[in-house]
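*Asks:* The primary structure of each chain is shown beneath.
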Amino acid sequence: MIQTNKLMKVYRTEEVETTALNEVSVEIKAGEFVSIMGPSGCGKSTLLNILGLIDNPSGGEYHFLDNEVSKFSERQRSQLRKNNIGFIFQSFNLIDELTVFENVELPLIYTKVSSSDRKKRVDEVLDKMNMMHRRNHFPQQLSGGQQQRVAVARAIVNNPKLILADEPTGNLDSANGDDVMKNLVHLNNEGATIIMVTHSQYCAEFGNRIIRLLDGQVVTESMVAKQML
Amino acid sequence: MTPPFLITALRNFRKYPGYAFLNLAGLAVGLAASFILLLYAYRELTFDRQFPGGERVYRIATDFYRMGGFAKSQQQLLDYLPHECPDIEQSTRFERGFQETPVKIGNTVYQEPQYLFIDTNFFEIFPHRFLEGSPDQVLRSPDEVVLSGRLARKYFGEKSAVGQTVAIGKERKNYTISGVVEEMDKTHLAAAMWLPLEPPQEEKQSWTNVSLYNYVRLKKQGSREDLEKGLQAVLENYAWPASQTEESYSQWAASNQAVQFFVQPLRDIYLHSEYKFEVSPGGNLTQVYALGLIGLFIILIAGVNYINLTTARTSIRAKEVGVKKTLGAPRRALVRQFIGESIVNSLAALVLAFFLAHTLTAVFSGSSWTPLLTDAFSNGPYLGALLLFTLAVGLLSGLYPAFYLTRFRPVDILKGKMALGGNKALRGGLVVGQFTIAIGLIASSLIVFQQLKYMQEKDKGFELEGVLVIENASKLGGQAEAFRQELEQQSQVERTAFSGRIPTDGSVWMYTYQTPEMAEALTIQTFPADADVIPALGMKILEGRNFSRDIASDSSSAIINEAAVRALGLDDPLGAEINKGQRVVGVVHDFNFQSLKHQVEPVVMTYTPSGSRLALKLRGRDMAGFLAVLQDTWRRFSPDEPLRYFFLDDNFAQLAAGERTLSRAIAAFTLLALLVACLGLFGLAAFTAEQRTKEIGIRKILGASVPNLVGLLSKDFLKLVALALFIALPLAWYAMHRWLQNFAYRISIEWWVLGLAAILALLVAFLTVSVQSMRVAMGNPAKALRSE
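Residue numbers (this note's numbering), protein chains in the order written: chain F, 1 to 229; chain E, 1 to 788.
You may find that some hints are simply not true.
Stated by the list, open to error - When the alpha-carbon atoms are kept at most 30 Å apart in a straight line, the in silico BS3-like pairs for lysine-lysine are as follows:
#1 F:LYS6 to F:LYS161
#2 E:LYS694 to F:LYS71
#3 E:LYS276 to E:LYS453
#4 F:LYS112 to E:LYS783
#5 F:LYS119 to E:LYS715
To be verified - So the derived label-pair ranges between C-beta atoms look like this:
#6 F:ILE109 to E:ALA722: 20 to 26 Å
#7 E:GLU320 to F:ASP215: 32 to 38 Å
#8 F:ILE109 to E:ALA744: 56 to 62 Å
#9 F:SER114 to E:LEU718: 23 to 29 Å
#10 F:VAL219 to E:ARG11: 40 to 46 Å
#11 F:SER114 to E:PRO730: 36 to 42 Å
#12 F:SER40 to E:LEU718: 41 to 47 Å
#13 F:SER114 to E:LEU347: 57 to 63 Å
#14 F:GLU23 to E:ARG332: 54 to 60 Å
#15 E:PRO17 to F:ILE109: 36 to 42 Å
#16 E:VAL771 to F:LYS182: 43 to 49 Å
#17 E:LEU293 to F:ILE109: 43 to 49 Å
#18 F:SER40 to E:LEU388: 52 to 58 Å
Hints are computed from structural coordinates only; laboratory data are not their basis.
Beta carbons are placed, not taken as given, at the ideal position from N, Cα and C, and that holds for glycine.
Please model the complete structure; the sequences and the hints are all you need to start from.
*Replies:* What follows is the structure, encoded as structure tokens:
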């Protein structure tokens, strides 16, 4: 599903040139749950953004669903992204002015799903995430755990093939964190491919493979000895 | 030591140069534009204020036969009035020069247009600053003259002018210069040369004849009512008896034959008086108010901008405020800081405004705008007022952020709990206000423009084009006919006509007419004309016939217009007797001989084969060639008298000159107002877009396209502009409806004009906002989210 070859990402300011990714080559197959780990500033989020087609690499190749996308225009990436990828962020990134329902509905609006279908599907995922009773609340009225459940609902409402999670438990207490992880594992079991960036070894081990980055390079790749949940 | 608020002000400028520039430029443009407009209004509203005791000076205007009033009045009036009104302290009379007069110094002849013939006490009622000589030593003999400093310099350079001799007038009469005074321009009595008023030659004491301007100054305890009572007594004791009527005084006073007096305060004359024979063309009150109002509007828009942008931007400073408060800064110090910064910025804008005002007045150079800035720069109070005004704007726009931001508990600010960006509703309201003004101005200028175009294109009832009028044909005396015949040889001359009066020429001919059926005579505009006037000017005869050279009885014939048919109540005008022995032989289509502000008045044309005006209907191309021939021919016939002529269409256009200036100024300043409003919208859109960067990023990651996002960001602003439309258009409609009432001939306001204004405003607003929206929408969403 995903194959990168010597991906490079370089940030330039007036005086400094920072190499965020240095020849990163990874391969992720459909159905995998991959955790990316490493210290702050090692390039985890940069890699995730590139894999999620939010950002373009400065060099190297990136094959996503059999397309070489590293030179794709913003429009092409957007097209591929909105139909295939769901995002979960550490700080939830819900839009404060929209209700729970409207937040979850957004990706469907942008993929031009009809209004009645949208309602059906949003209600389905809210139900699945146990958030139906909060559908008309605003994000500010929810706890952190609830907000992340809404974010997860939004990430999966489009039935994406790939779910990208950037520190999804970083802002949550351990109970809520576990809850989110169980949800991710469940989605993985249902067939979604998941790539998750995390600081936490504990969370990382919910996946079945761990990629460790240091200073923009892959240092180790290891399989997780599967434990039953 | 540099005060801390100056440091932060400068650093903020460096950090956000774009915003800072927008903010400054907006305020500067607003200050400059409104500065010019308000100065203009101030100037116009303060005419004739420079004379000490001027508040006690009045002009006596008069009317008789209901002719519409004259700025001049009877020459003998001041012989009687002081006896009837003991409150008069002093009175003075003068006459103005009607046309350029030659002034000969050595071998050089200058033509001077502005001069007055004055009583010896003129300079006591209207004190001027004497550069040479003194007021009590001038014009004591009939061969003395007073010059303005400008003329004295023109004639004699730096040499003293007093004692020099100049020859004035066609007769080259010698005058000795006895004084030089500083020329005044803010007065309806502007002149550059003052000659002695010659005593009246004949003792003609008619009360239905005007010849002089009569002014009085009252004693300190005197009142306008006393003066009016005095005038009443003059009517009763002199004018009424002189009329030799059988009627009682009150009957006479109520009749059309009555003489009336009007008292005009000196300071009201320039803007409020519209009598016949004014000393100088007056100001235009509508224009003064319109431009003054626009000036206020623009400064309002600019002030609002400044406040809006400043408050929006200060939320960025919330963290600074939080930290400072945590470290123990008292609220007072923070308030001082914000207000200080704001004032520094507004003063910077003032400096910019000066440069702009300079450039702006250059656009209007050569017109009446030019003296404004010279006035302003040399006038302490103006500068002081401007400075105060700028400080006030700075203070006001500093107040809101100062108190708003410093109100919060530091912990809330640091945790980001407060709503950033200030009061959204207030800001929305201010934007609505700005655009209401801008849209109103757009709609108004479109309508003014339309009305002007209409006035130009409206059928005037005769042909304006290609008609040249020689004004002083009477100077040819007995040779006039020979002159006319010689001109008719020219191929460009299609037709010639002698007339006592030509539409727009500014002369006044009115006679009384009375049909046998009428109880009282009616005063009617009269045009003495020969048989060629009607065909030469392309007037349309509706009934009857034109005058004819070959019909002897035409010397007592009249041709009247449709309005006269109605006014005289004629059912069957042809052959009707409109005065004893004077019969109507034809009816012409109504024609406009005045500004289109006025209804066409009744007109009687009387047959007069010779007249002071010679109208030439021209055709063909070589006008320059023809004018040369004309000058040549004139010089042969009248070597001493310069030829004076005008083109009829130019003269008609001149009647709408005030409206044209108004439309040009409104258009220019409407653009400015719109520009300033857009600058504000631009800044605000930028700010909002920045505030919503994260939301945009999220939406983009979720698949929103650029048009989606531009729409999202622009929608809120367009809503505000749309709301402004709903307020502005009815207001503009109402104001313009009122303005159009000034014109007897006017357009009706069409809905599409308002629609056009609406579309223009929405388009401009959308373009302004979408530039910002595009920038944010096209940004990299990864960057937007990384800033967490």
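*Asks:* With reference to the structure, classify each hint as holding or not holding.
*Replies:* Structure-based check of all given hints:
1. For the suggested pair F:LYS6 and F:LYS161, the alpha carbons sit about 24 Å apart, so the restraint of at most 30 Å is met.
2. For the hint linking E:LYS694 to F:LYS71, the alpha-carbon distance of about 25 Å falls within 30 Å, and the restraint holds.
3. The suggested pairing of E:LYS276 with E:LYS453 holds, with an alpha-carbon distance near 27 Å, which does not exceed 30 Å.
4. Between F:LYS112 and E:LYS783 the alpha-carbon distance is near 26 Å, which keeps this suggested pair within the 30 Å criterion.
5. Between F:LYS119 and E:LYS715 the alpha-carbon distance is near 25 Å, which keeps this suggested pair within the 30 Å criterion.
6. Remark: the range hint 20 to 26 Å for F:ILE109 to E:ALA722 is upheld by a beta-carbon distance near 24 Å.
7. For E:GLU320 and F:ASP215, the Cβ-Cβ distance of about 35 Å falls inside the hinted range of 32 to 38 Å, so the restraint holds.
8. A hinted range of 56 to 62 Å holds for the C-beta pair F:ILE109 and E:ALA744, which are about 59 Å apart.
9. Hint check: F:SER114 to E:LEU718, Cβ distance near 27 Å, so the stated range 23 to 29 Å holds.
10. In this structure the hint that F:VAL219 and E:ARG11 lie 40 to 46 Å apart at CB holds, the actual value being about 43 Å.
11. For F:SER114 and E:PRO730, the Cβ-Cβ distance of about 41 Å falls inside the hinted range of 36 to 42 Å, so the restraint holds.
12. Distance hint for F:SER40 and E:LEU718: a CB-CB separation of about 43 Å, consistent with the stated range 41 to 47 Å.
13. Between F:SER114 and E:LEU347 the C-beta distance comes to about 59 Å, which sits within the given range of 57 to 63 Å.
14. A hinted range of 54 to 60 Å for the beta carbons of F:GLU23 and E:ARG332 is consistent with their spacing of about 59 Å.
15. Evaluation of the 36 to 42 Å hint for E:PRO17 and F:ILE109 yields a pass: the beta carbon distance comes to about 38 Å.
16. Look at E:VAL771 against F:LYS182: about 47 Å separates their beta carbons, and that is inside 43 to 49 Å.
17. Distance hint check: the CB atoms of E:LEU293 and F:ILE109 are about 47 Å apart, consistent with the given range 43 to 49 Å.
18. Distance hint check: the CB atoms of F:SER40 and E:LEU388 are about 56 Å apart, consistent with the given range 52 to 58 Å.
Every hint, counting from the list given before, is met by this structure.
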